[in-house]
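Asker: Put chain E on the given structure of chain Z with help from the hints.
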Amino acid sequence: MIENLSILLQLFIFILFFSFPLNIFNKQKIFKNYSLSISDCYCLNIIFHLNLLLVVSFFDINQFFYFYTIIFITLFFNIFYLKKYLNFYLEDKEQLINFIFFFIIAMGLFLNIASEVKLEWDALAHWIWKTTNFYEDIGIRNIKNLPFAEYPHLGPYVWSFFWKNSIIPYEYFGRLFYLFFYIVSIFSIFNYFFKKQYLTKCFLVTFCIFLTFDAFIFSGYQEYLLFAILVIVSRFSFLFIREVKYIFILIFSSHLLMWIKDEGLFQYIIFTIPFILIAKFNNTKKLIILLITLSLPLIQFLIQKYFMGYYGFQADIINNTLIDLFNYKILFPKLFLITKYIIISMIKYKLWLINIVAIFAIFIYSQKYRSIFCVYWIILFLNISFLYAVYLHTPYFSEFLLKVTLDRLVFQTSGFYLPIFLILARKLFISSKNRAF
Amino acid sequence: MNFSKLIKYHKKNFIIVFFMIVLLQLFQIPYNINLINKRSYEVRMLYSHGKCDKDSYGFITNTLKEFNIVNEFPFIYFKNSPGIYGLLMPHKKKYNSKYVFIVNYAETENNNEKIHNKIFNINETNIDLKRYSLKKRNGNCYFWVRND
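Order-wise, the sequence lines are chains Z and E.
Residues 1 to 437, numbered by this note's numbering, are exactly what the first sequence covers, in order.
Residues 1001 to 1148, numbered by this note's numbering, are exactly what the second sequence covers, in order.
Bound conformation, chain Z alone:
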């Protein structure tokens, strides 16, 4: 029973830890009249804390000290809002139901992970090495001596941080953060599209979680961090392009991608630059923002190369096998295999099927949304091209590699296209009178 109670308490620790600095009572200071739900505030707080944790990780600051400092600040901060929170939940029945619903889903998935504590191949082969490196306070400079040193360290750092500061020091308590982030991001995007229709929202959130939850990927892989960040980027996408200060939220959200996995660097560029290009600023501002955006990978390179002591990718960017791509007898079978496994992966992670149906439906039936989502079509094209580029470029190309890795690459970005499906779902489930937009 102690373990069950600890899991419950861990959920409340996450809720407390990420309730600072933004909440629904102080959000107007930054977001003026822009409507934000509680889950939106949590998403932005998680992004804020992940950025802080990234900085903290470089200085080898004691994880206990940092955790309890944040908890103390958060407790002190929330005392001022305690009464407001109570009134908020007691007066608004829908918010209370929303919270209970969130609580059931979170506990359901937490218990699921706790009952099956297995770590899968990549987790055992390298992620857990980095995690225990931080757990044992060895320091960031030791990463270069570990297996697959080229992989970034933010995911394992967060894993070790919550593992170390859990009530029972079991490894999976750290991984529960991945789940929390994933659930909050899903709630955030659904709350935006279904503000008042809480029953429809409950059904659709459950449906989405059944499509996207995969215990295998939660067993130590980092894919859900990428998934959740991209869902958040997508949730706020149309806010980002309004003002310069908001575009920095996009940059500081999406740059985390490159600190989680190698492919995150390319995803950072693919999912950030199109938004900057279509933003409603003048060209000078755009140019400055673009320079800042492109300087972050350079900063990562400098930190990894000269501070951490290792920078690289699994395969050299320029390698001898690239010349083979000019031979159509090699190129076409490769293209065929990659296409085959992209289709298989999309069938495996069914959110893609829903996305594809939604994309076709919007393309055929709605001129209005076709132009609204123009940036999504560009990103989709770049995203799919990136999948081909990864496997055409690798010198280790084999059908086995495609079988065991491509599905996760396909999954990572599936959440980004959720708004297209949600617009369609709104049209299907809500009468035009009740739609806010």
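None of these hints come from the bench; they were simulated from the model.
Treat the hints with care, as some may be off.
[Stated by the list, open to error] List of simulated lysine-lysine pairs, DSS-like, C-alpha gap at most 25 angstroms:
{"#": "1", "chain 1": "E", "residue 1": "K1135", "chain 2": "Z", "residue 2": "K403"}
{"#": "2", "chain 1": "E", "residue 1": "K1130", "chain 2": "Z", "residue 2": "K164"}
{"#": "3", "chain 1": "Z", "residue 1": "K93", "chain 2": "E", "residue 2": "K1135"}
{"#": "4", "chain 1": "Z", "residue 1": "K164", "chain 2": "E", "residue 2": "K1093"}
{"#": "5", "chain 1": "Z", "residue 1": "K427", "chain 2": "Z", "residue 2": "K195"}
{"#": "6", "chain 1": "E", "residue 1": "K1094", "chain 2": "Z", "residue 2": "K144"}
{"#": "7", "chain 1": "Z", "residue 1": "K280", "chain 2": "Z", "residue 2": "K245"}
{"#": "8", "chain 1": "Z", "residue 1": "K195", "chain 2": "E", "residue 2": "K1012"}
{"#": "9", "chain 1": "E", "residue 1": "K1136", "chain 2": "Z", "residue 2": "K403"}
{"#": "10", "chain 1": "Z", "residue 1": "K164", "chain 2": "E", "residue 2": "K1092"}
{"#": "11", "chain 1": "Z", "residue 1": "K196", "chain 2": "E", "residue 2": "K1012"}
{"#": "12", "chain 1": "E", "residue 1": "K1118", "chain 2": "E", "residue 2": "K1135"}
{"#": "13", "chain 1": "E", "residue 1": "K1054", "chain 2": "E", "residue 2": "K1136"}
{"#": "14", "chain 1": "Z", "residue 1": "K164", "chain 2": "Z", "residue 2": "K144"}
{"#": "15", "chain 1": "Z", "residue 1": "K93", "chain 2": "E", "residue 2": "K1011"}
{"#": "16", "chain 1": "E", "residue 1": "K1130", "chain 2": "E", "residue 2": "K1079"}
{"#": "17", "chain 1": "Z", "residue 1": "K144", "chain 2": "E", "residue 2": "K1092"}
{"#": "18", "chain 1": "Z", "residue 1": "K427", "chain 2": "E", "residue 2": "K1012"}
{"#": "19", "chain 1": "E", "residue 1": "K1012", "chain 2": "Z", "residue 2": "K93"}
{"#": "20", "chain 1": "Z", "residue 1": "K196", "chain 2": "E", "residue 2": "K1008"}
{"#": "21", "chain 1": "E", "residue 1": "K1011", "chain 2": "Z", "residue 2": "K195"}
{"#": "22", "chain 1": "E", "residue 1": "K1093", "chain 2": "E", "residue 2": "K1135"}
{"#": "23", "chain 1": "Z", "residue 1": "K93", "chain 2": "Z", "residue 2": "K83"}
{"#": "24", "chain 1": "Z", "residue 1": "K29", "chain 2": "Z", "residue 2": "K84"}
{"#": "25", "chain 1": "Z", "residue 1": "K93", "chain 2": "E", "residue 2": "K1094"}
{"#": "26", "chain 1": "E", "residue 1": "K1135", "chain 2": "E", "residue 2": "K1094"}
{"#": "27", "chain 1": "Z", "residue 1": "K196", "chain 2": "E", "residue 2": "K1011"}
{"#": "28", "chain 1": "Z", "residue 1": "K280", "chain 2": "Z", "residue 2": "K350"}
{"#": "29", "chain 1": "E", "residue 1": "K1093", "chain 2": "Z", "residue 2": "K144"}
{"#": "30", "chain 1": "E", "residue 1": "K1135", "chain 2": "Z", "residue 2": "K164"}
Answerer: Chain E in isolation, oriented as in the chain Z frame:
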């Protein structure tokens, strides 16, 4: 108020309660609570990573406890598994080739395949088992200590 009116009046509330009960069942919450209660973390690790199969978590951790190997880290030969080194907190321990685990090694009648005659390459070190004594065996899992 009769039952049908009661249902009609509280229709939304009934749907919510019903949906939440369905969710409890869909996510197997009662089952998982009971499972976590009944099986300790160590037992669940054995189920997941195997006692003397899969990653042989049970054999390795039990043997380390039994032989009181705390500050040193044994050499472990894994087949078809990335190994559980990472789970055993290896960073502050010193690797010591005095202790060797060979797990999931299927010995055959063929003399060349007899484990005693084999030389294993573990952590870029050749381990000649002729120089070691078998201290513990469980199925296909072996624990050897060097004859010093």
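Asker: Taking the hints in turn, state whether each one holds.
Answerer: How the hints compare with the structure:
no.: 1; hint: K1135(E) <-> K403(Z); verdict: 41 angstroms, violated
no.: 2; hint: K1130(E) <-> K164(Z); verdict: 42 angstroms, violated
no.: 3; hint: K93(Z) <-> K1135(E); verdict: 65 angstroms, violated
no.: 4; hint: K164(Z) <-> K1093(E); verdict: 19 angstroms, holds
no.: 5; hint: K427(Z) <-> K195(Z); verdict: 14 angstroms, holds
no.: 6; hint: K1094(E) <-> K144(Z); verdict: 18 angstroms, holds
no.: 7; hint: K280(Z) <-> K245(Z); verdict: 12 angstroms, holds
no.: 8; hint: K195(Z) <-> K1012(E); verdict: 17 angstroms, holds
no.: 9; hint: K1136(E) <-> K403(Z); verdict: 38 angstroms, violated
no.: 10; hint: K164(Z) <-> K1092(E); verdict: 16 angstroms, holds
no.: 11; hint: K196(Z) <-> K1012(E); verdict: 14 angstroms, holds
no.: 12; hint: K1118(E) <-> K1135(E); verdict: 17 angstroms, holds
no.: 13; hint: K1054(E) <-> K1136(E); verdict: 18 angstroms, holds
no.: 14; hint: K164(Z) <-> K144(Z); verdict: 22 angstroms, holds
no.: 15; hint: K93(Z) <-> K1011(E); verdict: 15 angstroms, holds
no.: 16; hint: K1130(E) <-> K1079(E); verdict: 20 angstroms, holds
no.: 17; hint: K144(Z) <-> K1092(E); verdict: 16 angstroms, holds
no.: 18; hint: K427(Z) <-> K1012(E); verdict: 22 angstroms, holds
no.: 19; hint: K1012(E) <-> K93(Z); verdict: 12 angstroms, holds
no.: 20; hint: K196(Z) <-> K1008(E); verdict: 21 angstroms, holds
no.: 21; hint: K1011(E) <-> K195(Z); verdict: 21 angstroms, holds
no.: 22; hint: K1093(E) <-> K1135(E); verdict: 22 angstroms, holds
no.: 23; hint: K93(Z) <-> K83(Z); verdict: 16 angstroms, holds
no.: 24; hint: K29(Z) <-> K84(Z); verdict: 17 angstroms, holds
no.: 25; hint: K93(Z) <-> K1094(E); verdict: 58 angstroms, violated
no.: 26; hint: K1135(E) <-> K1094(E); verdict: 21 angstroms, holds
no.: 27; hint: K196(Z) <-> K1011(E); verdict: 17 angstroms, holds
no.: 28; hint: K280(Z) <-> K350(Z); verdict: 35 angstroms, violated
no.: 29; hint: K1093(E) <-> K144(Z); verdict: 18 angstroms, holds
no.: 30; hint: K1135(E) <-> K164(Z); verdict: 35 angstroms, violated
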